[in-house]
Structure formats: structure tokens, C-alpha cells
Amino acid sequence: MTTLSPRKTANRQIIDLIKWGEDYFQQTDIENPRQEMEWLVSDLLSCSRMELYVNAKTEVSAIQLKTLKVWMQRRLAGEPLQYITGKTEFFGLPFHIDANVLIPRPETERLVEVAIDIAQCGNAENIVDVGTGSGCVAVALAVKLPSAKIIAIDNSEDTLELARKNANSNGVSEQIKFLQLDILSKELDDNFDLMISNPPYIPPNELSTLSKGIRDHEPMQALTDRNDGLTFYRRFAEKGRDWISKGGQIILEVGRNKHPQKVKQIFSNAGYVNLNMFKDYNGDDRVLAIEV
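Going by the working numbering, the first residue of the sequence shown is number 54, and it counts up by one from there.
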């Protein structure tokens, strides 16, 4: 692992720190070293990246420099930037993040977009988010659908605590009820207009294809079902008619390659007729909507 050496100068100006960190990051496989250094420094100073250059000659404190060095060591070791700063953005909203939850990704924004369109067209107001994680999906839906009432489910209380924090910070805590529940073994007590989920869908034999940062740092239980990547979809197909009102929708994120068609086949075999696949921003099948 690359080790940060002590600075040879007492100069701690912002512009110098950015260049210093960029030089270190260039020794690794970090794709955008300057951009990542800007993110770290801007988060350290609670300012925008543009403000870094407006105040380029400003010096950071010794304590801030020490914190920055620790963050850089963690990044050099492959830890995702979002876990280091404890922050990320999803659907234009700020979220707290930690290693108990997946880092929200652009593909999942597509899941939210599809859900919003379907909810608005069908006046869906009772929504359940299964496997809420950081709460990013439930919170984004609550912000965009102010009349909706959402149940956000996860099997981890630690995860739910973070999701509650994100609901509070985004001003939608009154719209969302958080519930600890194992969806594979427990039943939902209510009927919903819409179910949305980004379940664990990566089979164990495909984990090696993920980047090292994901494999080493993101929670394995949120990535894989430790089976064939289809466990949760079978459960949803089995219980969909019990949990979702007639005419309601199940909206699911799906994986790559043949996974979307395998999921579609599960629901088709279970007797669901109206199945619609939506593509993500890369043109890949990413979201399956199933009418109940």
C-alpha cells in the first residue's frame, strides 16, 4: 500500500494540498485522482469544489491536515470515497452513508424514476420499499410523492437507524414508517399499491467480476443472496398477489446479462401477464415492472 510521507513544507494552502494528493493518487488505479482529491478537501472544509479555487491560498489547520491524511490512506487502500466522508448524493438529495449499506448508484435512480411515473399515473399512495438500506429509494419517493405513505423494510436495525436519519435530514420522516422484517420468512400485514425493491441479486460465482472496492468494502448481504441471484424474485412472485392490491405494481431492479430475462420468466411462470422492462442510462435492461 502506498504510504503518505510527511510534508516537507509547512505550507498547507488548499491548492497545494490538492496537487499533493493528486500526485499520490496517480500512483494507484484511482481513475480521477484530482477530482477525488477535490471531493475529499471540499468535504473536509464543508465547501463546494468551486469554492476550493476561490479560496485556493487559504491554509487548512494542522488538525484538518491530519484528518485529510487519514482519509487519503483509506482511499489508497481501496475504500470507497462515500464511506470515507460518510456522505453521498442520490436523486439530487444528500444522504448519510456507512459500510452497513450499499452505496446508491445511478442505475437505482432509474428504478425510482419508473416508480414515480407509475405511482403518479395510477395514484399509488401506499408503497412498500423492501430492503431499504440507506433509505435512498424510500426518501426519494417521499420527496417526489408528497401524498404517499411508505413502509421501508430491512432486516437490520442498524441499517434502519441510518435510513431514519436520512429521512429526518431530508424532511420526510412523517411519510415513512421503518420496519425491521425478514421478507423471506415473514409476511407483510398490509396490502400496498406499489412494491419497490433493489434486492441482492449477484450470484456468488459472479462476485469476482465486481471491482475490488465493492468486494472488499460493501456489505455482502446486500450484494448477493448466496444462491443464484433469484431468491428474492421468487419470493415476490409467490407473495405478490397477497401483498399488492389488484392492479398494483411490483417494481424491481434487475442485474446484467441474462438476469433480467430469468427474473421475467419467474413472474411469467407464476401467472403474471403484464410485464414491462425498462432500460437504464446505458441502454441495459434494468427495471422490471409487474402488474398484479
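Please keep in mind that the hints were generated in silico from the structure rather than gathered at the bench.
Beta carbons are placed, not taken as given, at the ideal position from N, Cα and C, and that holds for glycine.
Keep in mind that the hints are not guaranteed to be accurate.
[Stated by the list, open to error] Cβ pair distances, simulated, as ranges:
no., residue 1, residue 2, range
1, Ala130, Lys110, 45 to 55 angstroms
2, Leu328, Gln126, 43 to 53 angstroms
3, Leu98, Asp243, 38 to 48 angstroms
4, Lys299, Gln274, 31 to 41 angstroms
[Said to hold, decoys possible] Listed next, the in silico BS3-like pairs over lysine-lysine satisfying Cα-Cα at most 25 angstroms (straight line):
no., residue 1, residue 2
5, Lys311, Lys299
6, Lys265, Lys292
7, Lys311, Lys230
8, Lys265, Lys218
9, Lys292, Lys317
10, Lys230, Lys292
11, Lys122, Lys72
12, Lys239, Lys197
13, Lys122, Lys140
14, Lys218, Lys202
15, Lys122, Lys110
16, Lys239, Lys265
17, Lys317, Lys299
18, Lys140, Lys197
19, Lys202, Lys299
20, Lys311, Lys239
21, Lys299, Lys265
22, Lys317, Lys265
23, Lys299, Lys315
24, Lys311, Lys197
25, Lys317, Lys332
26, Lys239, Lys140
27, Lys332, Lys315
28, Lys317, Lys218
29, Lys230, Lys197
30, Lys265, Lys197
31, Lys202, Lys72
message: Taking the earlier hints as the rules, which of them does this structure contradict?
response: The structure conflicts with hints 1, 5, 6, 7, 8, 12, 16, 20, 21, 22, 24, 26, 28, 30 and 31, although it agrees with all the remaining ones.
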